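J.: What follows is the residue order along each chain.
Protein chains: 2
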Amino acid sequence: MKADFLSDLQALVRFPSISTDARYASGLRACATWLARHMQQLGLDGVRLFETARHPIVYAEKLVSRRRPTLLIYGHYDVQPTEPAAAWTVPPFAGLIRGNKLYGRGASDDKGQFFVHLKALELLLQTGQPLPLNVKILLEGEEEIGSPNLAEFVQAHRHRLRADWALLSDTNLLSAAQPALTYGLRGSLAAELTVTGPRAELHSGIFGGAVLNPLQALSTLLAALHDEAGRIAIPGFYDPVQPASVAERAYLQRYGPSDAQLRREAQVEQGWGEAGYSLYERTVLRPSLSITGLTGGYQGAGVQSIVPARASAKLSFRLAQGQNPHQVEEQLRRFLRRITPPQVQATLTAQLHAPPYTVPPQLPVMQAAAQAYAHGFGRAPVLQRSGGTIPVVSLFEQHLGIPTVLMGFGLPDDRKHGPDEFLYLPNFWRGIRTSLFFLRRLGQLTPYSAPLCSSSTATATPAKATA
Amino acid sequence: MKADFLSDLQALVRFPSISTDARYASGLRACATWLARHMQQLGLDGVRLFETARHPIVYAEKLVSRRRPTLLIYGHYDVQPTEPAAAWTVPPFAGLIRGNKLYGRGASDDKGQFFVHLKALELLLQTGQPLPLNVKILLEGEEEIGSPNLAEFVQAHRHRLRADWALLSDTNLLSAAQPALTYGLRGSLAAELTVTGPRAELHSGIFGGAVLNPLQALSTLLAALHDEAGRIAIPGFYDPVQPASVAERAYLQRYGPSDAQLRREAQVEQGWGEAGYSLYERTVLRPSLSITGLTGGYQGAGVQSIVPARASAKLSFRLAQGQNPHQVEEQLRRFLRRITPPQVQATLTAQLHAPPYTVPPQLPVMQAAAQAYAHGFGRAPVLQRSGGTIPVVSLFEQHLGIPTVLMGFGLPDDRKHGPDEFLYLPNFWRGIRTSLFFLRRLGQLTPYSAPLCSSSTATATPAKATA
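Chains A and B, in that order, give the protein sequences.
So that you can map any letter, position 8 of the first sequence is 8 in my numbering, and since no number is skipped, the others follow by simple counting.
Add 467 to a position in the second sequence, counting from 1, and you land on the number used in my numbering.
Below, computed lysine to any residue pairings styled on SDA-like, alpha-carbon distance capped at 20 Å: (1) Lys529/B <-> Gln911/B; (2) Lys469/B <-> Arg565/B; (3) Lys101/A <-> Ala667/B; (4) Lys568/B <-> Ala200/A; (5) Lys529/B <-> Glu589/B; (6) Lys101/A <-> Pro419/A.
It is worth saying that the hints were derived from the structure and are not from the lab.
Everything numeric in this text was worked out from a predicted model, so none of it was measured.
Chain A on its own, in the form it takes in the complex:
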């Protein structure tokens, strides 16, 4: 069984399903087709590709009884780009296994993680018994580009997708041996800022000093987005941020990664950022702004003596509880209008809006998830917030009215979005055990059940998490 599961996973990782680059559209379609066929072979029903404006959505379901609750399992089969290609020490789409790691773009984010649940379902279906609950599976191909067509799909298919809870595995454990249940995500605003100046490139000898250089103007605008203390300098930006409670901060400090651990994971000697918060708090409780790309002028070898005509930067805001991505966009536009010099034009194009998200840890489904982790990993999970963004959770809340359980199996240092991304295989197997337990446990729950009493089973409450 193990060998089959592994070779299935390798096959999945080998599809170059890079959604950010239109040239890979056929890689995405091939991946979706393979997944549909695979789910059919497992015995799931209603398997279907739904076309979108870009990459298809793969859907499957197994409905056993109206009296059983329903779980909507979401995953995404698209992956990030592989740039810079030279930084990879393994081919990003070979599905190579070295030691206890499976390498490849998407191995952890998110192919390896949602595959855990398909394999748990495979084990349940192999028994010949009915599933303990109804399951619906939705695999998307556009997560890494901000799910531009998912909202419309979820809205249009809200009856088909009706469920009691959603399950999404695209978050991290605290470490290889310490499971963690994520109850909060930051929101996101992604946008591209372009500065244009002279209509065409100019000779930097002939015109240098008399014409405002768009690269200089862009640098100055970007520099002005942070103050010297590392805070974001857009007026009003922090105003709506909801402060975390003393108890939550104490919990995160006790069970979250230390500054030293975060520095190790980031491979940096010194942290950076907003004073008054730990490094972990800066990444989960506080908003941030990352410049993710910068381009302008001559980028080849040697020297080209020009005043370029344009330059642009990609901005990624991460938003804290209380912030609204559309409001942040407005604040940014207003600020840019104020500080852009009259000799150049600054244009902002928004690419992604996602609000921040919190799911209350007190929900019975969260407690079931905690028990499942304890079973699968032999250790109760800690509660954690993630600094990442998963826009789909807000969609499920808005259109289906259900909470999403974020049951991740990734590692903090498994290089998601970076070179040499890998899946730590021991946690693939533990994940399948966790998922099996979770599916069975959910079968005994109804969404209207009272909170479970704490029992000898480990739970996600802080006091037990030390167990």
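Given chain A's structure and the hints, the job is docking chain B onto it.
T.: Frame of chain A, contents of chain B only:
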């Protein structure tokens, strides 16, 4: 004759002799070989390619008499890159003629300009008479990359190159009909600034806010290089700049391009820069700093959620009379050390050092040049400074002890270094007439002759330039 001269020039422009990119080495060699053969066919002696570490130097001479003075004609057959390729409306290496313009990268800078003198020599040699003076011709293939091997060559061959004056045509007229004699050039320091942070790219959700982003750090460093008034903010930078005399400023104001003209040429609505100086003065009397390229992080379509590991910028300083490029480099290094945050490393790699240059307009050879322009164009030239840099003039001064006459035939708007560069053909023919007159006139001069008396011939002095 005209048709032959034009098709020769087209052949020359068709070589893709881009020296900034190693992939074009064979294009440079083919161009050098063609030039050597062409000069042999014209009847020049001692034609030879001298190998350098990169692209060959083409040399030829015609020595007629020890009692005649000697002119060293310098030109460069290498050209700038053609990026951005999409901005060209003609193929950059087709040598297309449309109307009275010959289009192509290098058509004006510098192939079309030095070719003027080869064609003047061809006309003189066709007469069967001995040349009026000795000529030596040095054509370089590395000017656009800062002439890295020319200093060594000039020093090693200083006896071979011995001359009374150098002649270099790589500057602009004031306008198509108004010739101009350049007597000053800005110096240059070109350098690349690289900022590195985390060892590998990080997920901007997981680490954004806790790690200093190299793109943000680079933007902040670049922004700090100018103050809000548009002056360069490096401490001590302006200290050695020699102020221009009141008379010179008045002359440049009277005969140089107006702010409106410079804005038109740059195709910008508003000028920019150091207060207290006209736009023209900002580009010729005052130093400047242009960011010529900027790169870092993800540059593809869409969004990649990363904190990049590195970012870099190309810097081009233009230096005013009195400044020393090595001193400026030291000042820049000191400033960067002071302002670089401890979380990132900033590395500066210098790529070009060239001091500023001035040749006194009172020299007899300059007056001969002025008379030649008046003959060739039917109008006396004005004196001008250029904001560009021609490092070779300092080499000739240092190793051969001779001044260089900057007899340019380019136009301010012929898009040197930009897309759709062209040579304005009427000035190709006027240039040949100018060169013929200049060569004959120089034959009557010795470097020890007294300044010529002003005669009815137009000269370069301000009072006459209005003639």
